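Engineer: Chains as they are written, first to last, in our numbering: chain A, 144 to 454; chain B, 144 to 454; chain C, 144 to 454; chain D, 144 to 454; chain E, 144 to 454; chain F, 144 to 454.
Honestly, the hints are just simulated from the structure, not real lab data.
Just so we're clear, the structure is a prediction, and the values are computed from it rather than from any experiment.
Some hints could be false.
To give an idea of the chain A side of the interface with chain B (calculated C-beta under 7 Å), a few residues [claimed, not checked]: (1) Pro164; (2) Asn169; (3) Tyr170; (4) Phe171; (5) Lys173; (6) Glu203; (7) Asn207.
Straight-line distance between alpha carbons at most 35 Å, and here's what the computed DSBU-like set of lysine-lysine pairs gives [to be verified]: (8) D:Lys293 <-> D:Lys413; (9) D:Lys388 <-> E:Lys453; (10) E:Lys384 <-> A:Lys388; (11) A:Lys453 <-> D:Lys318; (12) B:Lys310 <-> C:Lys384; (13) B:Lys251 <-> B:Lys316; (14) C:Lys251 <-> F:Lys453; (15) C:Lys251 <-> D:Lys293; (16) F:Lys388 <-> F:Lys318; (17) E:Lys384 <-> A:Lys341; (18) B:Lys243 <-> C:Lys413; (19) C:Lys388 <-> B:Lys243; (20) E:Lys251 <-> E:Lys223; (21) F:Lys310 <-> E:Lys223; (22) D:Lys388 <-> A:Lys453.
Just so you know, even glycine gets a beta-carbon here, dropped at the ideal spot from N, CA and C.
Protein chains: 6
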Amino acid sequence: MVDIVALGEPLIQFNSFTPGPLRFVNYFEKHIAGSELNFCIAVIRNHLTCGIIARVGNDEFGRNIIEYSRAQGIDTTHIKIDDSFTGIYFIQRGYPIPMKSELIYYRKGSAGSKLSPEDVDESYIKSSKLVHSTGITLAISDSAKDAVIKAFELARSRSFDTNIRPKLWSAEKAKETILGILRKYDIEVLITDPDDTKILLGITDPDEAYRKYKELGVNVLLYKLGARGAVAYHDGTKAFKEAYKVPVEDPTGAGDAMAGTFVSLYLQGKSIEYSLEHGIVASTLVITVRGDNEMTPTPEDADRFLNEFKT
Amino acid sequence: MVDIVALGEPLIQFNSFTPGPLRFVNYFEKHIAGSELNFCIAVIRNHLTCGIIARVGNDEFGRNIIEYSRAQGIDTTHIKIDDSFTGIYFIQRGYPIPMKSELIYYRKGSAGSKLSPEDVDESYIKSSKLVHSTGITLAISDSAKDAVIKAFELARSRSFDTNIRPKLWSAEKAKETILGILRKYDIEVLITDPDDTKILLGITDPDEAYRKYKELGVNVLLYKLGARGAVAYHDGTKAFKEAYKVPVEDPTGAGDAMAGTFVSLYLQGKSIEYSLEHGIVASTLVITVRGDNEMTPTPEDADRFLNEFKT
Amino acid sequence: MVDIVALGEPLIQFNSFTPGPLRFVNYFEKHIAGSELNFCIAVIRNHLTCGIIARVGNDEFGRNIIEYSRAQGIDTTHIKIDDSFTGIYFIQRGYPIPMKSELIYYRKGSAGSKLSPEDVDESYIKSSKLVHSTGITLAISDSAKDAVIKAFELARSRSFDTNIRPKLWSAEKAKETILGILRKYDIEVLITDPDDTKILLGITDPDEAYRKYKELGVNVLLYKLGARGAVAYHDGTKAFKEAYKVPVEDPTGAGDAMAGTFVSLYLQGKSIEYSLEHGIVASTLVITVRGDNEMTPTPEDADRFLNEFKT
Amino acid sequence: MVDIVALGEPLIQFNSFTPGPLRFVNYFEKHIAGSELNFCIAVIRNHLTCGIIARVGNDEFGRNIIEYSRAQGIDTTHIKIDDSFTGIYFIQRGYPIPMKSELIYYRKGSAGSKLSPEDVDESYIKSSKLVHSTGITLAISDSAKDAVIKAFELARSRSFDTNIRPKLWSAEKAKETILGILRKYDIEVLITDPDDTKILLGITDPDEAYRKYKELGVNVLLYKLGARGAVAYHDGTKAFKEAYKVPVEDPTGAGDAMAGTFVSLYLQGKSIEYSLEHGIVASTLVITVRGDNEMTPTPEDADRFLNEFKT
Amino acid sequence: MVDIVALGEPLIQFNSFTPGPLRFVNYFEKHIAGSELNFCIAVIRNHLTCGIIARVGNDEFGRNIIEYSRAQGIDTTHIKIDDSFTGIYFIQRGYPIPMKSELIYYRKGSAGSKLSPEDVDESYIKSSKLVHSTGITLAISDSAKDAVIKAFELARSRSFDTNIRPKLWSAEKAKETILGILRKYDIEVLITDPDDTKILLGITDPDEAYRKYKELGVNVLLYKLGARGAVAYHDGTKAFKEAYKVPVEDPTGAGDAMAGTFVSLYLQGKSIEYSLEHGIVASTLVITVRGDNEMTPTPEDADRFLNEFKT
Amino acid sequence: MVDIVALGEPLIQFNSFTPGPLRFVNYFEKHIAGSELNFCIAVIRNHLTCGIIARVGNDEFGRNIIEYSRAQGIDTTHIKIDDSFTGIYFIQRGYPIPMKSELIYYRKGSAGSKLSPEDVDESYIKSSKLVHSTGITLAISDSAKDAVIKAFELARSRSFDTNIRPKLWSAEKAKETILGILRKYDIEVLITDPDDTKILLGITDPDEAYRKYKELGVNVLLYKLGARGAVAYHDGTKAFKEAYKVPVEDPTGAGDAMAGTFVSLYLQGKSIEYSLEHGIVASTLVITVRGDNEMTPTPEDADRFLNEFKT
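The whole structure should be built from the sequences, with the hints applied where relevant.
Structural biologist: Written out as structure tokens, the structure is:
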């Protein structure tokens with residue numbers, strides 16, 4: 144029994160030790176990642192409990208994911224060992240765009256993509272307060288999509304990060320599937336950004352986006368604006384927070400940290416201003432390092448950050 | 144126009160920076176490898192020319208393979224860029240068996256496995272002296288197997304390394320396919336070992352194996368005995384060389400270095416004793432480092448090794 | 144409720160990245176260790192459950208120990224957070240004796256040494272099959288020693304590793320304390336070696352040592368002989384296993400891996416020959432790397448090792 | 144016979160190879176540091192001679208400190224070898240505040256804290272021009288404090304850096320002790336900052352602080368303002384220098400480099416403007432790397448810096 | 144037959160793994176560099192063909208240069224193996240000026256400096272569209288200078304980078320030699336900066352410099368302004384591009400990447416605005432890493448950069 | 144005033160981080176070395192005082208040598224700063240001969256080779272007990288050779304290591320020069336091996352060599368036999384010590400450590416057996432690491448080694 148249940152594919156990340164085109168990189172640093180896993184860690188750092196429904200391969204990388212998740216406090220009892228391999232990806236940093244990263248996946252046919260409705264334990268979902276997933280999980284396979292649908296069907300409340308990855312599916316397919324989900328289920332917190340909203344709604348303006356998403360049943364909107372910061376909407380109120388200027392090592396995972404922090408604080412009754420402010424701190428810290436979730440702060444540590452930057 | 148043409152899948156190797164189960168390894172060192180690519184480099188170090196017929200992905204890892212091959216002097220004009228991804232693998236070293244390695248592939252559906260008969264340029268084959276391939280290429284896909292068959296059909300002379308990898312196909316499939324090849328084509332040099340011969344012929348004894356392989360049309364047999372050394376047969380003569388005792392970092396690629404060295408020296412008219420002796424030196428050097436082909440020596444450097452160890 | 148409960152001090156290990164006197168070492172690699180924690184991991188790899196009663200500091204290193212232990216499957220519910228700091232140590236490798244290590248502790252007054260009888264939960268002990276501790280825990284503080292005594296008093300069965308560390312106490316103190324324990328409690332499995340036995344009993348001969356320890360109520364004796372191997376005694380039977388020749392990176396932790404493997408297999412009804420053979424495999428693997436417990440094998444992996452070395 | 148004598152505890156620093164919470168850091172880089180040792184190196188780089196009165200352990204880390212100090216030109220004849228251990232500390236970088244560091248000490252009961260009046264050689268002090276120490280040395284032990292008092296008593300002239308470390312003593316204790324020193328001895332150069340002055344005088348404004356410190360017998364005040372720069376006062380004149388914008392790796396040691404540079408240039412008759420400008424250059428360079436003193440420039444190198452940034 | 148032929152000395156670069164004075168640097172990272180080699184790689188990335196006329200030593204570093212050049216697509220058929228050694232250099236980064244580098248050469252008497260007119264193949268030059276060299280090649284030896292003169296004599300068109308390195312020759316010698324070249328040969332594209340122009344013409348103002356260089360027969364001028372950007376002149380038109388703000392790792396090689404990109408795009412008929420814009424992107428990417436040429440982008444990748452920074 | 148004065152060229156060593164041909168090595172590890180500097184450190188570890196007469200460049204590498212030497216306790220007052228550059232070399236390890244190294248020098252024309260008789264301070268030599276040099280110093284320049292001759296002329300006693308490096312001079316030149324030295328000066332301790340003796344005397348047999356060297360005025364002969372050990376002769380007595388079997392990282396510097404240990408112990412009145420035994424321990428430790436002198440033990444540490452290996 145956990146507060147939040149996430150569905151998604153945990154992955155092994157091989158981050159370039161030095162920036163530049165991958166063919167010039169000689170050493171790779173291993174991290175454990177995956178959008179939903181990053182989200183879970185943010186939830187736990189913010190003092191809620193969290194479990195992930197997922198599959199990993201019966202191999203060292205699968206064991207690595209389970210051990211790391213357990214170490215970080217994630218409930219791993221619903222991670223299934225699958226005969227396929229564990230999905231992985233490489234990160235190319237700083238080329239051709241300084242301070243940006245590119246992901247190269249080896250996940251097609253992976254254990255994670257075998258996630259299916261049978262993995263979704265009804266009582267586990269029903270005893271939780273909120274179910275979270277992302278566009279990635281919808282994209283990796285039909286069975287994974289069906290698992291999300293089953294979980295959303297059973298869920299008391301839902302958060303969803305659109306996270307449209309062009310390498311995983313076409314814009315058309317993404318639009319159709321995600322809009323289907325949004326139309327079918329009330330989403331307590333929707334996390335998205337202008338790029339994805341352009342695909343989904345054909346617009347990018349935050350206020351306009353909020354109006355449209357609200358019509359689709361979204362209660363709270365967290366709208367990420369990249370290096371500019373983020374804006375959150377709820378019940379007619381709107382909060383904006385600028386991003387902090389820090390040295391960027393790798394932006395991967397920043398959005399997940401912000402989402403997990405925002406959702407779990409909001410779920411604990413914090414205002415969207417407070418939740419957003421802490422979400423921005425989380426994403427700010429994450430981009431200063433390689434690795435997606437190690438830097439995600441507790442509220443206490445985020446407050447130390449805020450004290451420093453307020454001075 | 145090159146002396147030797149090889150067909151196979153070049154791969155990116157991610158070698159563990161430290162030994163042990165992969166989940167405890169934090170850094171990985173990139174190398175360029177693949178059985179036939181390793182073979183080609185051995186050919187070139189031994190002063191023949193060599194080209195590889197292969198496919199790589201249209202990605203950084205594919206470019207890496209082409210650039211590295213070109214650097215090492217391999218003719219890369221018959222490497223085709225394919226829309227699929229470039230195959231990769233990880234090496235776990237020293238666990239659970241000290242000084243041994245395990246390979247974890249991410250190559251299913253890779254560009255390399257898309258190798259097909261259409262990639263085999265008739266005039267390229269016909270102008271070469273010998274065509275080389277391995278059981279790995281037979282195993283990765285039907286089209287790759289057909290490419291080998293087409294090349295062997297056109298070849299003036301052939302060398303073949305059985306290289307049966309249980310992770311790629313069943314023993315039954317391997318036996319049927321490889322025996323089919325051996326029955327259909329005269330093999331100038333067959334490279335194999337007791338494990339593979341057990342699968343193919345049900346026996347392991349070197350002399351007996353030579354008799355049987357000879358009946359199948361094999362002219363020269365290079366029979367690798369692992370840490371004990373290797374034995375070579377030709378025309379009733381037999382040569383045995385013990386392996387040298389050196390510190391083992393990673394045995395991967397040692398057999399390819401030995402095979403490429405042996406075949407290219409033999410093709411230049413050297414005796415099987417001489418060819419075997421240099422092959423053993425090559426494999427000895429390769430096991431002392433991570434990376435499959437960097438250490439493969441020229442005959443001049445191998446002689447320096449032999450002078451030292453003879454003293 | 145776990146099969147085995149251990150009492151001891153988990154520590155952060157800073158292992159020299161390169162061998163030599165510490166003043167010439169520029170980089171240090173962090174590992175999680177401690178004799179009893181290493182023992183626990185061996186227990187879990189051998190398919191029993193295990194928990195550790197311990198204290199760690201309220202700091203990053205303390206959190207590190209808890210997270211790592213949890214990752215490895217250790218029950219961490221009885222690790223208490225203490226206001227003191229987490230104990231650490233450095234390893235100097237290869238100087239002045241190649242292939243040997245020296246430990247430099249920063250543990251005096253550490254959280255781990257604050258372990259006390261109040262940390263010992265009666266029902267936790269009573270529901271377990273065996274309680275394990277070592278001479279180190281007896282040495283670090285009086286309260287820690289009292290904790291061991293309380294646990295041994297309540298235990299259904301006990302294993303004990305003499306592990307006399309001259310840097311922690313005098314030979315006289317060690318002798319008096321450990322003999323006191325041996326006289327007071329029946330020890331199901333005693334793990335020791337000639338150096339410690341010289342201090343305790345004034346002798347070093349294995350057979351003679353067994354006779355004397357048996358008189359003190361020891362049922363099974365595991366007598367470690369370092370690079371020569373180990374011998375085990377039980378009920379008049381005696382088993383000896385030679386050590387395997389492998390490249391030595393750092394011998395630290397090898398004895399713990401052997402002890403934990405031996406005890407947990409014996410507890411599952413395996414013969415002392417089988418238990419010893421697997422214990423030797425565990426210690427052999429551990430010495431090939433930096434880090435005390437990452438290499439400890441499952442029985443299945445140990446069997447793969449044994450198959451290889453039997454050939 | 145040296146120009147300046149410092150009293151303090153040299154320490155071994157283990158700096159995180161990657162930023163983030165220490166439990167996620169796998170490699171640590173060793174440096175030699177300690178506030179007064181950093182000060183001494185700045186003195187020597189600025190062409191005065193300097194010695195340190197200190198104790199280190201009879202261990203590799205103690206030898207490391209002596210060898211490094213000797214290499215850098217510090218007179219080490221008054222470093223005493225003590226039976227205790229050498230103090231060390233770890234640096235956590237960038238968490239929870241980007242570009243800031245946290246220090247985790249293992250120095251309680253260290254050799255350095257055993258510094259006592261008996262270590263203070265009267266003739267050594269009397270033959271020097273100035274004696275330097277810091278609030279850290281006052282805090283580590285009563286005997287160390289007494290050593291500073293004895294040296295200040297004998298000194299021809301004194302510089303003092305308040306350096307209040309909350310991990311070493313309470314604000315009350317710090318205030319009482321430091322004010323005691325300031326009341327008792329005329330300080331030629333006082334180095335401090337708003338945080339410490341808040342504790343000592345209850346104020347933070349630089350001008351006001353100067354007035355109060357002057358009343359306490361301070362001749363020159365160097366008031367560090369962190370990322371904003373620093374201000375110096377002397378004889379009614381005031382100099383302000385902004386900090387330079389550079390990439391921050393680790394701010395640790397920046398203040399010591401500024402202090403040592405300022406004091407030694409001032410002692411050579413340079414104006415406070417000149418001394419401050421060079422002090423700012425020193426601290427600017429130090430924050431761009433891990434390690435506290437390697438980057439401290441000579442005046443010639445500082446001029447090259449100034450030429451570049453003036454353009 | 145290649146589009147562009149460059150003459151110069153390829154070198155092995157040993158870049159400091161950490162910034163600071165070289166005596167504190169423990170690890171060095173090897174790269175392949177040299178102004179003209181960097182230029183060639185920029186040419187190739189911009190889709191023209193390029194060859195280098197050069198000498199390297201008959202040693203591993205010489206082989207390294209040839210293999211790397213071949214990998215990057217440079218025609219290496221005119222690199223001669225010389226009995227001398229291969230030139231090398233070290234890079235000290237960030238001291239005494241943050242974000243700046245210093246080069247320490249070991250190239251006196253190197254194979255590269257033995258470059259001579261006999262190495263210049265008439266037909267190779269005549270079949271090319273443009274010949275490129277730099278002030279460095281003029282400085283390293285008289286025979287190298289004569290080789291440039293012979294090639295310029297035969298060339299259809301010329302580009303020249305003044306690149307005056309005070310460590311290689313005096314300002315007087317540089318002025319006399321370079322002005323001699325400029326007076327004798329029409330230069331299609333001259334690449335220079337205020338420092339060099341100060342030496343050559345006694346002025347630094349870009350517009351004035353263009354007028355004077357034009358009088359000397361320069362058709363297009365690329366005038367590099369360091370951190371401020373660059374300006375290009377042609378036929379009365381003038382283009383200016385600001386530099387992008389990115390984290391600086393090592394500025395070495397940035398000018399070569401800009402020059403090679405500019406010249407090769409201009410040669411393909413692009414406007415000086417377009418060529419300059421892409422040149423600035425190339426230099427921007429190069430300064431974010433260690434290594435002079437790995438980051439030089441293709442026009443396609445440069446466009447991705449421009450799209451990002453335009454948003 | 145020191146016990147022993149050495150003359151020679153200290154060098155910066157760049158040791159391959161990974162074994163193999165240098166072109167495949169990406170990282171290099173810096174060490175401070177040079178035959179005579181290694182010798183000096185061995186002298187100091189064995190509790191005599193030692194100074195070196197040498198020149199280094201006015202550059203970071205020169206400063207590095209002075210600082211390191213000073214750290215290790217060498218009297219650096221006779222190291223002169225020269226306008227030339229500091230000599231360096233690279234080490235290629237394990238190729239083409241496992242466990243052997245090759246040195247690639249960049250030292251021609253170096254500051255070290257500018258060593259000349261004017262650097263030899265008469266009183267410094269006369270106040271010492273012994274002067275040491277090697278064939279390397281004789282080979283690097285005529286002025287360096289003359290410096291050795293001047294020092295030997297003034298010396299009370301001499302030790303000499305033949306150390307013939309084929310890369311520095313021809314066998315003929317080496318023979319003529321070294322025999323000239325041996326004929327002219329009585330050598331208290333001559334250090335040599337079969338390869339050098341073959342060049343000098345045309346023989347290799349130890350006993351025969353001793354007879355011939357004795358006729359030339361050699362009092363004690365230390366005859367190094369590489370992996371087999373070493374033999375020492377004095378006054379009709381002969382001592383032989385086998386080498387210890389340890390993992391070899393880099394044999395460079397082993398002979399210097401043995402020589403310095405042997406000479407300094409012999410000079411303190413130890414028997415040649417004792418001196419040889421400790422010399423063998425020193426060389427054994429040195430070959431287990433990269434770096435030539437860090438592992439050279441004190442007699443106390445050597446005894447710990449001997450205790451371990453005697454067991």
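Engineer: So, for every hint listed, does it hold in this structure?
Structural biologist: Hints and how they fare:
Interface restraint check for Pro164 (chain A): the shortest CB-CB distance to chain B comes to about 6 Å, inside 7 Å, so the restraint holds. Interface hint at Asn169 (chain A): satisfied, since its Cβ lies 6 Å from the closest Cβ of chain B, which is below the 7 Å cut-off. Evaluation of the Tyr170 (chain A) hint against chain B yields a held restraint, the C-beta minimum of about 6 Å falling below 7 Å. Interface hint status for Phe171 (chain A): upheld, as the beta-carbon distance to the closest one in chain B is roughly 5 Å, under 7 Å.
The beta carbon of Lys173 (chain A) is positioned within 7 Å of a beta carbon in chain B (closest approach about 6 Å), and the interface hint is therefore held. Annotation: interface hint on Glu203 (chain A) holds; nearest CB of chain B at approximately 4 Å, less than 7 Å. The closest approach between the C-beta of Asn207 (chain A) and any C-beta of chain B is roughly 4 Å, which is under the 7 Å cut-off, so the hint is satisfied. As the CA atoms of Lys293 (chain D) and Lys413 (chain D) are separated by approximately 29 Å, the hinted pair is consistent with the 35 Å bound.
Proposed proximity of Lys388 (chain D) and Lys453 (chain E) is supported: the alpha carbons are some 25 Å apart, at most 35 Å. Of the supplied pair hints, the one linking Lys384 (chain E) and Lys388 (chain A) holds, its CA atoms being roughly 25 Å apart against a limit of 35 Å. With a CA separation close to 27 Å, the supplied pair Lys453 (chain A) and Lys318 (chain D) stays within the 35 Å bound. Only pairs whose Cα atoms come within 35 Å are accepted, and Lys310 (chain B) paired with Lys384 (chain C) is accepted, the gap being roughly 34 Å.
Using a Cα cut-off of 35 Å, the hinted pair Lys251 (chain B) and Lys316 (chain B) holds, with the two alpha carbons roughly 17 Å apart. As the CA atoms of Lys251 (chain C) and Lys453 (chain F) are separated by approximately 34 Å, the hinted pair is consistent with the 35 Å bound. Annotation: proposed proximity of Lys251 (chain C) to Lys293 (chain D) holds, straight-line Cα distance about 31 Å (limit 35 Å). For the suggested pair Lys388 (chain F) and Lys318 (chain F), the alpha carbons sit about 33 Å apart, so the restraint of at most 35 Å is met.
Of the pairs offered as hints, the one joining Lys384 (chain E) and Lys341 (chain A) holds, with about 32 Å between alpha carbons and a cut-off of 35 Å not exceeded. With a C-alpha separation of about 28 Å, the suggested pair Lys243 (chain B) and Lys413 (chain C) falls inside the 35 Å cut-off, and the hint holds. Straight-line distance between C-alpha atoms of Lys388 (chain C) and Lys243 (chain B) comes to about 14 Å, which keeps the hinted pair within the 35 Å bound. Under the criterion of a C-alpha separation no larger than 35 Å, the hint pairing Lys251 (chain E) with Lys223 (chain E) is consistent with the structure, at around 18 Å.
Taking the CA atoms of Lys310 (chain F) and Lys223 (chain E), the gap is about 23 Å. The hint holds against a cut of 35 Å. At roughly 19 Å between alpha-carbon atoms, Lys388 (chain D) and Lys453 (chain A) fall within 35 Å of each other, so this suggested pair holds.
Violation of the numbered hints given earlier is absent; every hint is satisfied by the structure.
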